[in-house]
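Trainee: Just so you know, the protein sequences line up as chains G, A, F and B, in that order. Note that my numbering numbers the first sequence so that position 64 is 64, with each residue one more than the last. Note that my numbering numbers the second sequence so that position 322 is 322, with each residue one more than the last. Note that my numbering numbers the third sequence so that position 319 is 319, with each residue one more than the last. Note that my numbering numbers the fourth sequence so that position 185 is 185, with each residue one more than the last.
Any given hint could be a false lead.
For chains that are exact copies, the list does not tell them apart, and a pair is met inside one copy or across any two.
As the list claims (entries may be wrong) - Listed below are the simulated SDA-like cross-link pairs for lysine to any residue, each with C-alpha atoms no more than 25 Å apart in a straight line:
1) K46 <-> A337
2) K179 <-> D289
3) K163 <-> L293
4) K47 <-> R260
5) K46 <-> N259
6) K180 <-> G11
7) K47 <-> Q24
8) K163 <-> H195
9) K180 <-> V257
10) K46 <-> I61
If you are wondering where the hints come from, they were derived from the structure by calculation, not from laboratory data. Values in this document were obtained by computation on a predicted structure and should not be read as measured data.
There are 4 protein chains.
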Amino acid sequence: MTIKVAINGFGTIGKRVADAVDAQTDMEIVGVTKTGPSFGCDLAVKKGFPLYCTFDDSSKISAFADAGYSCSGGLSDLLSVADVVVDCSPGKLGAENLEKYKRAGIKYIFQGGEKHALTGQSYTSSANHSDNIGVDGTRVVSCNTTGLSRTLVPLFDYCGSLKVECTMIRRAADPGDSKKGPINAIAPVLKVPSHHGPDVMTVKPEIEINSLAVAVPTTIMHVHAIVADLPSGHGLSTESIIQMWKETPRVIVMNGVNNRITTTAEVMEMARDIGRKWGDLHEIFVWEDGISLQGDRLYYFQAIHQESDVIPENVDCIRALMGTEEDWKASVAKTDAAISSYYGL
Amino acid sequence: MTIKVAINGFGTIGKRVADAVDAQTDMEIVGVTKTGPSFGCDLAVKKGFPLYCTFDDSSKISAFADAGYSCSGGLSDLLSVADVVVDCSPGKLGAENLEKYKRAGIKYIFQGGEKHALTGQSYTSSANHSDNIGVDGTRVVSCNTTGLSRTLVPLFDYCGSLKVECTMIRRAADPGDSKKGPINAIAPVLKVPSHHGPDVMTVKPEIEINSLAVAVPTTIMHVHAIVADLPSGHGLSTESIIQMWKETPRVIVMNGVNNRITTTAEVMEMARDIGRKWGDLHEIFVWEDGISLQGDRLYYFQAIHQESDVIPENVDCIRALMGTEEDWKASVAKTDAAISSYYGL
Amino acid sequence: MTIKVAINGFGTIGKRVADAVDAQTDMEIVGVTKTGPSFGCDLAVKKGFPLYCTFDDSSKISAFADAGYSCSGGLSDLLSVADVVVDCSPGKLGAENLEKYKRAGIKYIFQGGEKHALTGQSYTSSANHSDNIGVDGTRVVSCNTTGLSRTLVPLFDYCGSLKVECTMIRRAADPGDSKKGPINAIAPVLKVPSHHGPDVMTVKPEIEINSLAVAVPTTIMHVHAIVADLPSGHGLSTESIIQMWKETPRVIVMNGVNNRITTTAEVMEMARDIGRKWGDLHEIFVWEDGISLQGDRLYYFQAIHQESDVIPENVDCIRALMGTEEDWKASVAKTDAAISSYYGL
Amino acid sequence: MTIKVAINGFGTIGKRVADAVDAQTDMEIVGVTKTGPSFGCDLAVKKGFPLYCTFDDSSKISAFADAGYSCSGGLSDLLSVADVVVDCSPGKLGAENLEKYKRAGIKYIFQGGEKHALTGQSYTSSANHSDNIGVDGTRVVSCNTTGLSRTLVPLFDYCGSLKVECTMIRRAADPGDSKKGPINAIAPVLKVPSHHGPDVMTVKPEIEINSLAVAVPTTIMHVHAIVADLPSGHGLSTESIIQMWKETPRVIVMNGVNNRITTTAEVMEMARDIGRKWGDLHEIFVWEDGISLQGDRLYYFQAIHQESDVIPENVDCIRALMGTEEDWKASVAKTDAAISSYYGL
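Whole structure, please, built from the sequences with the hints as guidance.
Mentor: As structure tokens, then:
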């Protein structure tokens, strides 16, 4: 059986999830939605993804044909031929869409722009794949939460407890967004602590975590500056933590100075060299020479490609909901093999 | 016969030219050079390109082996197995390298960072492919000159004369370069007129052109603001110029407002969607709604992807030097078919 | 008689005009308006400017007292005690405000954000001070138009005719604005030619001028790249043009390379050193080494401090409307002496 | 007696210290040094500061006269007429200069670019003024250390102990610097923990502190994201900490959302409104709505004007070294009254 996947919203995240699903052997795209005819439709057409309208309104549906695009119907039509829908619509539409998905009787996955409360369930591969087996719907956590989970969960699993403070230095706009600023300022998130860190507890409640966040004038990656207190008697060293992360899926640990990759500019350049679509980096990048364990307190930096680290998580999450792969590491391996490019790190 | 191509310098331009050559059926990469072992070597290894040292010094050559990379020798060794070398070394090494290439008795191609005087010959597909058939060596002009040639040459060919002023708004650093500024300033090039525009005359001497240039705090593309005076009685209209450029190879003409592609951010996002390696855009992007012919004076804007527009030109140039394809349009078609991605505009 | 000046709108422009008016001996501030209590009110209070509400609504007026600010009434109250009002309200309120000013029977000055058609009259000191003597109301042209007038009008006055193309490289947001982007893009103004250049003709109709414009990710200054065709037989040289501008009020001509002032960053740093309020530079900055006359075609760059070049123009304009100073150079000298800091260039 | 102050280096810091010293009644500038004639000399001349050459070399001294500047001699000449020298030369010259100052037998003050070890003594008003009374020489700590001391010292003095983690989000270049990048990247300082936080212990050894640092593409201010652990039983609340800092000299506590000052762009705009020279903000800016005490853990953000927060510290430090004011609060009040503008916050 091939899992039939609908993508509701074919923008920054939607186009990437569709591409990653399309690359797998056990699932296929049965359709993607757009609000109206636009350049994004060409991308769907060329990829061979059936095009649907975000709305069921017949005049909006016929607008596609008027612009020369073949449109297969409205959202309801799409939901009726799918096993699972990945909601990649802009935020704040969650509650409304949830009703539609439930009415259609199919599984559903929301993104991290929605609150945990919407579904009462959240997901990230390394933290709680097994909790999501067979559930009706869930939320793949945000890029930041996913990034924190990747490095903190293995640390927690080893140590048994963890108390974390994270300062998130966030890119203020995505590369394709020319509207948002600031051009020359640092903008602290004045809600303190910020919501970012504690969101990790939706997938791993045992990790104690808080965060502070600022936005800065860059478009390419977030950086996390992390201070984690390990329980005494943890038995770890800087070296053994490096080793742990080198063995962790979807984490890249590289020496910055030796490889001349000391900023997010060079990290993204390396990602372009790797050759994935859109120059994406699904992995979390940890600077090896920025990791330092001082007594029980661990310091490290990691960089997050905000547009793509959650993409493979959505693929794994589909398998969890459909109950087709119970072992998270097996799913991760399958997903990544299909979307990796010629050049494996 | 397959043309044997050496790449001297495997950086921003070199890695892309190697990739593009590798994609062609009539040529192959016989080796690429690096100054020493580094992350860039991995990329060559994974692509299967034989690795050579930029120098002939045996201790520098053996440093590769020490770092775990198989190195096939020094530059002289590489030149001895090649038909043509594409020089992608950093600027200012031209004169020194030229001697080596001549001594090796092979054809050579320099990049636009070198002066025309070095080779006495310059190249861009649409302007003077035929002038370069069978010559010993030439220079593929810079990204800016290439961009100007793409749109100005067909206009000149139609009109018979052309007088042009161009203001070049240049990206101050490449995406992978975290050292250069400015962060918050505009930097005029105080040599007036700048060298950029007149360089077009190295490939098309009949076009009269001057330019002014500024650098601005962005990394992704240059923009040209162009004012071109057509000869009276030219018979063109805004619409016929749009049509001319739509039929010109390696020029994309799109309506900015209708397609929501009004800045270089959205142009580069479209390029990522197209799916070429590194998110490159080999074509010059001209905003259709930014073209306006007022009497005999033509105004337009074009965006230049500084990292990649010259890449296919190098491939065509190899064919010109080797004399294997005399028709520039045939070469362009062959080159582009091989490096285009799934999604043709 | 001291001219009684009202400032309607106490923001970026309004606070500066108020400060400049306050520094003169022949005029005084009788009040400034704010829409409601906020940090900006403190500035007015400390400067001793009577505070009025932008609206005549009594509940809005009393809101000031509730926040601890003494408010002298609504806009109508302010207009009733003024001879002239300088409208520094955000754009698009022009038509509505114009009615109020006429009803109050006082003179009025709008800013360049409003269209020429609103008043049918525009102003800049060097171009048409005498045309504005005694008129009921006018519009001080925008920072860009003011900048172009400063250097083009003396050139025109000397030559008798002038045909100009200007590419405007514009700062995308003001220093205190953290909302607007782009962070990493160049945004061409796709209306071609742009409205900026031709606006010069509202103050000097004989100058033929067009322009192209782009916005770039910087906050501090605009730069103009200008190409001006002089009539044949003009008799000027690069040196004599430099000399002309050195003798022109409110134009600074400095060698960029020799003074290490090669970008707008160093120009603004020099302005801070001069010691004017807000680090303003009322003058247009022209790079001496960026001026080049090639035959009849003149090339040059100039930098515009968008927040402040129009400030002294508003002061001169008040004198024109009130008919108290018919000689523009005398007014300029008086204005500038009063607002200059300890350090005269 | 008026203290005779020499400024060695008249750049970003030197010109500001000279200006602040000049504004005091108990000290005067006897001279400032420049390496050679340049635009910066004009500023000294206009201010009436005697100009000296950084070197004692007679040909370098005569170069000033050749360029039309009156030069009073070399560094030795300046030192011979001074009671104290403030070293504002670029970093790395410390050891060499120290010898000269000792030889001249005068007091000396270095800046935070030099290491504590150079003098074995460091200074910041609120932390250790009394330790510096009458010493031969000291080092005014860096802008970041000064900023941390301002808010942490009163907290420590109240609580008796403090354990702090600080993430420093640093501006990558000063406003007048157009050379340095990055334009679009975040650059972590891979030495972990960074040197910034622990430097606080040179003035207040009892505060336990570490830090992580990143540089970001902005020019105007640093931001500190701070997590401080108070000892149990501290008896403080968010409100009482706000009150404490409101009563602390050179700290501004303002509500960001209510005052629409939510980023460093608006903080700097407020500073320009205040009207100090160069638009400086000598105070540390703390967002009131970004302060949150959660149990014993305190979270807050503060913004640092890197060009100016140390300026008044240098004035106080002169009084400490000369032994003319033993009460730090009295010195601070005297210094600030002299350099404050019309508008006191």
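Trainee: Please go over all the hints and tell whether each is borne out by the structure.
Mentor: Hints, one by one, checked against the model:
In this assembly of identical chains, the alpha carbons of K46 and A337 lie at most 25 Å apart whether taken from the same copy (23 Å) or from different copies (16 Å). For the identical chains of this complex, K179 and D289 are inter-copy neighbours only, at 20 Å across copies versus 36 Å inside a copy, given an alpha-carbon limit of 25 Å. Taking the shortest Cα distances, K163 and L293 sit within 25 Å of each other both inside one copy (14 Å) and across copies (17 Å). In this assembly of identical chains, K47 and R260 lie within 25 Å of each other by CA distance solely across copies; the values are 21 Å between and 36 Å within a copy.
In this homomeric assembly, K46 and N259 come within 25 Å of each other (Cα to Cα) only across copies, at 17 Å, whereas the closest approach inside a single copy is 38 Å. With identical chains, the CA atoms of K180 and G11 are at most 25 Å apart both within one copy (17 Å) and between copies (22 Å). In this assembly of identical chains, the alpha carbons of K47 and Q24 lie at most 25 Å apart whether taken from the same copy (14 Å) or from different copies (24 Å). Taking the shortest alpha-carbon separations for K163 and H195, both the intra-copy value of 16 Å and the inter-copy value of 24 Å come in at or below 25 Å.
With identical chains, the CA atoms of K180 and V257 are at most 25 Å apart between copies only, with a shortest distance of 18 Å across copies and 32 Å within one. In this assembly of identical chains, K46 and I61 lie within 25 Å of each other by CA distance solely inside one copy; the values are 20 Å within and 46 Å between copies.
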